[in-house]
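Undergrad: Construct all of the structure, not just a fragment, from the sequences and the given hints.
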Amino acid sequence: MACRNIISPSVEDIALGKAESTEVKELDIADLLGREAVEPDMALMAKNIEGASVMVTGAGGSIGSELCRQILRLKPKSLVLFELNEYNLYKIDQELSAIKNRLNMNVVITPVLGSVQRQNRLEKTMVAHGVNTVFHAAAYKHVPLVESNIVEGVRNNVFGTLYCAQAAINCKVQNFTLISTDKAVRPTNVMGATKRMAELVLQALADKQHGTTFTMVRFGNVLGSSGSVVPLFKQQIRQGGPVTVTHPDIIRYFMLIPEAAQLVIQAGAMGHNGQVFVLDMGDPVRILDLAKRMIHLMGMREQIDECGQEGDITIKFTGLRPGEKLYEELLIGDNVEGSGHNKIMTAREEKLTWNLMESLLSELDDCCHNFDEDCITRLLLNAPTGYQLQKPL
177 MACRNIISPS VEDIALGKAE STEVKELDIA DLLGREAVEP DMALMAKNIE
227 GASVMVTGAG GSIGSELCRQ ILRLKPKSLV LFELNEYNLY KIDQELSAIK
277 NRLNMNVVIT PVLGSVQRQN RLEKTMVAHG VNTVFHAAAY KHVPLVESNI
327 VEGVRNNVFG TLYCAQAAIN CKVQNFTLIS TDKAVRPTNV MGATKRMAEL
377 VLQALADKQH GTTFTMVRFG NVLGSSGSVV PLFKQQIRQG GPVTVTHPDI
427 IRYFMLIPEA AQLVIQAGAM GHNGQVFVLD MGDPVRILDL AKRMIHLMGM
477 REQIDECGQE GDITIKFTGL RPGEKLYEEL LIGDNVEGSG HNKIMTAREE
527 KLTWNLMESL LSELDDCCHN FDEDCITRLL LNAPTGYQLQ KPL
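Residue numbering for the sequence shown follows our numbering, beginning at 177 and increasing consecutively.
Everything labelled a hint here was simulated from the structure, so no lab data went into it. Among the hints, a few may not be true.
Unchecked claim - Keeping only pairs whose Cα atoms sit at most 30 angstroms apart, straight-line, the calculated DSS-like set for lysine-lysine is:
1. Lys253 x Lys276
2. Lys410 x Lys348
3. Lys410 x Lys384
4. Lys527 x Lys223
5. Lys410 x Lys267
6. Lys223 x Lys384
To be verified - The calculated label-pair distances, taken between Cβ atoms and stated as ranges, are:
7. Gly487 x Asp541: 14 to 22 angstroms
8. Gln270 x Gln342: 27 to 35 angstroms
9. Lys251 x Glu215: 16 to 24 angstroms
10. His386 x Gly458: 33 to 41 angstroms
11. Glu262 x Gln566: 41 to 49 angstroms
12. Glu215 x Tyr263: 31 to 39 angstroms
13. Asn282 x Val303: 20 to 28 angstroms
14. Thr420 x Asn282: 43 to 51 angstroms
15. Leu502 x Asp541: 27 to 35 angstroms
16. Ala274 x Asn558: 45 to 53 angstroms
17. Ala274 x Asp548: 42 to 50 angstroms
We treat Cβ as the ideally placed atom computed from N, Cα and C, and that holds for glycine.
TA: Now the structure itself:
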């Protein structure tokens, strides 16, 4: 089902008497993508889910909640919603329970409040529900916030992934899929570096044992997610502007939330232990063009930095934020292969042995315990994350 936003009618429609200025109409967010979503392979979708006990961490987030919606329709035996935020957990539990009741589905839905930083809580939950498949979506993802809260970013993104993975191994979970990000590729920010570290943790654990299959799925931005530019631009336009764009040349890869969730599920079903998958996001989108398109779709005209043609909404350039780069990438190197799915590729990249990873994690834990951000930065720079401190443009 497509996500929809309510927008104003066009000025042309109002001028021609086809609409009142107070009238609203709907815009399909897919219109902003400029391409058709990819139809899923239903056999792959169902492979690790139908009749299984499935757990989603970060179940109340943008990607986590959409994973839960998709999983529910694939008829698991049970669905465990693991979430730290009480209100987000309440919302997704209410929504899924309503769908279940309306469709008379025989699925046990269990909302679980908990932190991925507590391995004992994770293990007790996995054992209690006989979890077969885990989708690990819990993470701090907002680049400037993580840049300002380095210790918590590392604790949640690196150690949260470690504890989830170790719990899965101990509880004999068969399949574990990490939702990663294009910001993990040659990161210039702490968030990206921690997500690359999370990938490295799973790759090291994959080589250490063979009971749990670990796969990682890396993709770019999703349209309409919390913290993304689409809801921000919509709010700014409705308030009369300005619409804030960090840089005129900044580009990002975009995908619809349902499409991304479906491809994550399919990639998780295709994975061999330790594989990194990369989703084909299509062509990158210039954020300035996205802002202009949204302004036009909301029946107005843009005016860039109060110069040029007259317009209704000013677009203001604010400068790149700490850790933000102009161009995101999906691959670290050129070592990419097909996977048998035309929208999913597999990447072969540098990894660490478990012994080296365990030593690195021990040092990182000490740095976090002492709130030593310089120490954390040094370790992330020296690890094979590709992390580089951002240079001013």
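Undergrad: Indicate, hint by hint, whether the structure satisfies it.
TA: Hint by hint, here is what the structure shows:
1. Lys253 x Lys276: The hint holds at about 12 angstroms.
2. Lys410 x Lys348: Roughly 45 angstroms between the alpha carbons, so the hint for Lys410 and Lys348 is violated.
3. Lys410 x Lys384: violated (47 angstroms)
4. Lys527 x Lys223: Roughly 28 angstroms between the alpha carbons, so the hint for Lys527 and Lys223 holds.
5. Lys410 x Lys267: Holds - the C-alpha atoms of Lys267 and Lys410 are around 23 angstroms apart, at most 30 angstroms.
6. Lys223 x Lys384: holds (25 angstroms)
7. Gly487 x Asp541: 14 to 22 angstroms: violated (53 angstroms)
8. Gln270 x Gln342: 27 to 35 angstroms: holds (32 angstroms)
9. Lys251 x Glu215: 16 to 24 angstroms: Given a distance of about 19 angstroms, which is inside 16 to 24 angstroms, the answer is holds.
10. His386 x Gly458: 33 to 41 angstroms: Distance hint for His386, Gly458 holds at roughly 35 angstroms.
11. Glu262 x Gln566: 41 to 49 angstroms: violated (35 angstroms)
12. Glu215 x Tyr263: 31 to 39 angstroms: holds (34 angstroms)
13. Asn282 x Val303: 20 to 28 angstroms: Taking Cβ atoms as reference, Asn282 and Val303 lie about 22 angstroms apart, which means the hint holds.
14. Thr420 x Asn282: 43 to 51 angstroms: Holds, since Thr420 and Asn282 (Cβ atoms, about 48 angstroms apart) stay within the stated range.
15. Leu502 x Asp541: 27 to 35 angstroms: holds (34 angstroms)
16. Ala274 x Asn558: 45 to 53 angstroms: Given about 49 angstroms between the Cβ atoms, the range holds.
17. Ala274 x Asp548: 42 to 50 angstroms: For Ala274 and Asp548 the Cβ distance comes to about 47 angstroms; the hint holds.
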